[in-house]
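Fit chain H to the supplied structure of chain V, relying on the hints for placement.
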Amino acid sequence: MEEQNNTPQPEQISAQPEVNLVPAANNLNFLGTGTELLGITLLNMVLSIVTLGLYYPWARVNRLKFLYQNTYLNDTPFVFSGTGKELFKGFVKFFVAIIVVYGIYIWAQTTHDITTVLLATLLLVLFFACIVPLAIHGALRYRLSRTSWRGIHFGYRGDRWQLFMDMWLGYFLTAITFGLYNSWFVNKLRTYIIGNIRFGNVYFGYDGEGGELFWINFKGGVLTFLTLGIYYFWYKAEFMRYFANRTYLEHDGKKVYLEAHYSGGDLFGLIIVNLLISLFTFGFGVPFAEVRTAKFMLDHLHIPADINFDNLAQTEDDYSDAIGDDVLDYLDMGIV
Amino acid sequence: MNLSFKGRYFSGKSSTPITVDIAWHAHGLELIYTNPNNEFVTVFWNKPEIHQTEISSGIVTLRYGDTFPQQQLEVTDSAFIALYKKEYAVGLIHRVKLTSASVLIGLVLLIGLSAWLGYIFLLPNIADYGARVFPKEYEIKLGEELYTSVLQGEEIDSTKTVAINRFFNKLNIQKDYPVRITVVKSPVVNAFALPGGGIVVYDAILKDMKSSDQLAALLAHEYSHVQLKHATRNMFRSLAGYIFISVVFSDVNGIANVLVENAHQLRNLSYSRELETEADNQGLRILQNNHISATGMKDLFVQLKKESGSVEVSEIISTHPDLDNRIKNADQFLKSTNYTFIPNDSILYYFKQLKADSTWNE
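If you read the protein sequences in the order shown, they are chains V and H. Heads up: the first sequence begins at 743 in my numbering, then just goes up one per residue. Heads up: the second sequence begins at 9 in my numbering, then just goes up one per residue.
Bound conformation, chain V alone (with noise of 0.2 Å):
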């Protein structure tokens, strides 16, 4: 980069930078349409089955680079910066410990000793267990270091066996509560994640009550069971707004509070018309479906005008290690 300091010129003196005042709203818009996911998908289709599957995580960063860019707040589109090759290099290395992992275990099958067998079954269970923690943290901290707006980066600053101990603790205190604990641990740990997210010297966090949480699954539970399942739409409505108005961003000694305005009858809409896209065009609707989700979670959802994003700092690292991002995939497990 050369940068110097020119006298002014006649024909240059309108670039002046902007200088925004706190803006009127912060807007969260997804702009992107179903006709270009669906070009993007049938893309990669093509292209893994041209390569026998290579190129899959190529195929998934365009996916993601879809999405992110056409992801506005204000006026700016959000950037992936990761690259297929990243995600290739996790995908090797997850799949080098899988074969490993899989191989031992069916080798201790063909030696039909039962303590072996034992061993290796304890293996493969325990590998996954501690897998799944580890790969969240690592997860989290690649993609949001792959995340920026206007070149600030987004970043995540927990630490790895503060979760895992978290995580193993949650379980076991849901397996001998029968499950009662759940809310209270999925409410810990939502504290613990979106409490280490930075965006620049934007720092979040989520004040949410397990007993609250609680309320909402067992009320949700309850009714939905009386309705036969068609109250599921307003618990799941109500579920997705609770952790939305309990997170908030700080920033400049300000605080706000996101504010999701979900509706159970808005989301029973888009549920059923998705659905009923899907079927009707035996899945080449999907990508519209995918659109429709993506533009429904973003209209509903505000940050009030107090943070202004235009005096962020970059305040976060790099990180490149892609490798928990693929395990969460190959877990099926999507958490951003």
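All the given hints hold, so there is nothing to weed out.
Here are a few chain H residues that face chain V, going by a calculated C-beta distance under 7 Å: (1) K21; (2) S22; (3) T61; (4) P77.
Covered by chain V, according to a simulated footprint, are these stretches of chain H (three or more residues, beta-carbon under 8 Å): (5) 67-75; (6) 97-109; (7) 118-124.
Hints listed in this document are in silico derivations from the structure and should not be mistaken for laboratory results. All C-beta atoms in this analysis are idealised placements derived from N, C-alpha and C, irrespective of residue type, glycine included.
Relative to chain V, chain H alone:
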């Protein structure tokens, strides 16, 4: 070139947007703006270090430099985007107009075509190669595992099992695999071979056999499946098929399920006509080499054809819809070859033993 455009520049240190004039040069972009102290600032981006992050919805986002954090530039001017696409290396995804109907239809057809070609030509060959290089010891080991699981819950006729194994040994077939035959009590007319030498015969198929040659033909046919690695090839094929489908739909965790599911499919082994014919021909050659009358093969098919009309619709028949062709094939073999068959007393002895037992499963 002396072209200039407007854009928005971000320093990588703050999110404050800066409106810049972009001067297009052959070796890079020159960005010019005035800072808050009213001084002119020029930033030069060298072409090799300019990275494009995405072009979408009429906006191109560029990043500069290889060190973190990078500077960023957004341009919405369509003339700039067109020029950029022309002069800079742009990924395939941005060169194809993915929203045009003809491109979308073309892609759908291309998917169909490549999936079909891959499924028909590529997969079977890769799978067959895999089955060929799969070591014999592992095949036998795998076969033993499958044998145990397939026979679980079946009622084994141990007397007939002993007799049929002795019968097979007296055929003096040259074997590459340790053959182990089990007779299972079942009203279904069926027999199948597993990888590595396991053969399962349901006793209903023995019930209507008239001659030892028929049984010799059946066992020669099943053994041919083993010898020609048909079961192993089939397993590799269906495994490859599942993986292929998982890949097409980017469903990675599907691959793990495939490994589990596959073990349960062996009970319903069915071969393509091509493989059945291969096993028939190999079986006929085995009979010829061991001086056993090949009419047994023809008689076997005639018997199976008769039974296909009965109430018990068996697996072996439902998967062999071309019995007429197979009868013809055996006929042709009988006519074209001429060899003396030597009566084998021990075969007859064990065949009688098999038939003598009257505890047929009705």
